[in-house]
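Asks: This is what each chain is made of:
Number of protein chains: 2
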Amino acid sequence: MSQDQTSADSMSKSEKTRKRLRAGAMAAFSELGFHGASTRHIATAAGMSPAAVYVHYKSKEELLYRISKFGHEAILAVVRDGAASSDDPAEQLRAYAFALAKYHAQEHVSARVVNYELGALEPEHHAEIIALRQELDRVVDAILQRGLDRGVFHTANLRMTSVTIVGACIDIARWYRDGGSWTPDDVGRFYADSALRIAGATP
Amino acid sequence: MSQDQTSADSMSKSEKTRKRLRAGAMAAFSELGFHGASTRHIATAAGMSPAAVYVHYKSKEELLYRISKFGHEAILAVVRDGAASSDDPAEQLRAYAFALAKYHAQEHVSARVVNYELGALEPEHHAEIIALRQELDRVVDAILQRGLDRGVFHTANLRMTSVTIVGACIDIARWYRDGGSWTPDDVGRFYADSALRIAGATP
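So the protein sequences, as listed, match chains A and B.
The opening position of the first sequence corresponds to residue 1 in UniProt numbering, with each subsequent residue numbered one higher.
The opening position of the second sequence corresponds to residue 1 in UniProt numbering, with each subsequent residue numbered one higher.
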């Protein structure tokens with residue numbers, strides 16, 4: 001085995017461990033909240049020793065930061081893909097809301113942590129995550145502005161329209177549970193229609 | 001002073017203390033989460049000693065239960081008043097959503113606790129609060145059903161329409177902060193319009 005291979009293997013093993021720790025932290029934060037979950041809870045959920053946590057992450061806050069960063073980057077990627085799927089603002093808004101709603105149903109555990117524990121981040125990390133959220137807002141604001149300019153949307157307040165659409169989608173993570181009668185796709189389609197209605201799209 | 005008066009005075013003093021403790025618990029739960037807030041945090045927030053907490057509430061969970069019960073009963077009262085303000089389903093839905101949205105802006109601290117810490121309640125208390133939430137759903141479902149029957153609303157899925165409207169209003173507690181540019185009334189009016197749009201009300 002060459003040195004490169006050894007290095008690649010050990011990196012991949014370390015990344016696997018980090019992933020397991022993030023999953024454990026996500027489960028612990030989701031159940032007990034950031035302040036209620038101890039390093040021991042996280043280690044137990046990940047099937048590891050508390051000491052192992054600190055080998056990979058210097059603090060509980062760093063774990064929350066990494067989870068938040070991955071979560072927000074993933075959401076941003078799916079809504080950007082959605083928005084880029086068409087030139088028509090109505091179709092863009094539909095794709096944006098579908099992606100955002102479906103994500104919050106499918107990833108409801110991590111989405112609860114990511115949306116409700118923001119306040120526990122250290123100032124520098126908080127600012128970085130807020131910047132990602134603002135990017136998410138900019139995407140929908142731009143779609144709405146284009147739709148207003150072309151006369152296909154009708155709303156008196158662009159910003160409040162964004163907040164209502166994005167907020168409704170975020171709230172899905174609060175109530176959605178696996179195994180119910182609505183699939184993430186069902187939820188995505190309904191919220192996409194609702195987004196167009198909220199924006200006052202001409203039917 | 002008659003014995004009745006003494007008893008009334010001491011009841012009122014005890015009720016004041018309990019109210020102060022609930023406010024302290026609300027602040028502590030909102031900041032640190034139910035599992036992250038200790039009796040000491042609650043007592044400090046209320047300006048009392050930790051021992052005083054147990055004189056009035058037998059556990060942290062009982063405090064959460066009382067806060068949740070008061071909060072849900074208050075919400076139920078305002079939306080019922082709203083729904084009773086007219087015979088017209090469109091006006092009823094507008095009043096319902098206005099009341100629910102305004103409440104979640106005005107009472108955003110307690111509303112966050114009430115909506116996001118439900119899972120920490122003991123089974124019996126949890127069932128009681130869920131019953132109050134179902135009552136809240138029944139009010140909006142009945143309005144939507146009447147509107148569909150009269151042909152003033154248009155939606156393929158009544159239950160998902162309710163969930164979308166109620167969920168959007170609940171989410172306000174996540175993002176609303178005092179001192180911003182939107183008053184609780186501004187938010188109430190916008191979400192009331194959005195509720196009619198989501199329900200497919202004939203303009």
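Hints listed in this document are in silico derivations from the structure and should not be mistaken for laboratory results.
From a predicted model like this one, the values you see are computed outputs, not experimental measurements.
Any given hint could turn out to be false.
Using C-beta positions, here's what the derived DEER-type ranges look like [stated by the list, open to error]:
# : chain 1 : residue 1 : chain 2 : residue 2 : range
1 : B       : ALA156    : A       : PHE70     : 32 to 40 Å
2 : B       : PRO123    : A       : ALA156    : 40 to 48 Å
3 : A       : GLY47     : B       : GLN145    : 32 to 40 Å
4 : B       : THR44     : A       : ARG40     : 42 to 50 Å
C-beta atoms are modelled at their ideal positions from N, C-alpha and C, and glycine is treated no differently.
Asks: Each hint needs a verdict: does it hold in this structure or not?
Replies: Cross-check of the supplied hints:
1. Against the hinted window of 32 to 40 Å, the Cβ-Cβ separation of ALA156(B) and PHE70(A) comes to about 35 Å, which satisfies the hint.
2. Checked against the given bound of 40 to 48 Å, the beta carbons of PRO123(B) and ALA156(A), roughly 46 Å apart, stay inside it.
3. At roughly 49 Å, the beta-carbon separation of GLY47(A) and GLN145(B) lies outside the given 32 to 40 Å, and the hint is violated.
4. Checking the proposed 42 to 50 Å range against THR44(B) and ARG40(A) shows it is violated: the Cβ atoms sit about 25 Å from each other.
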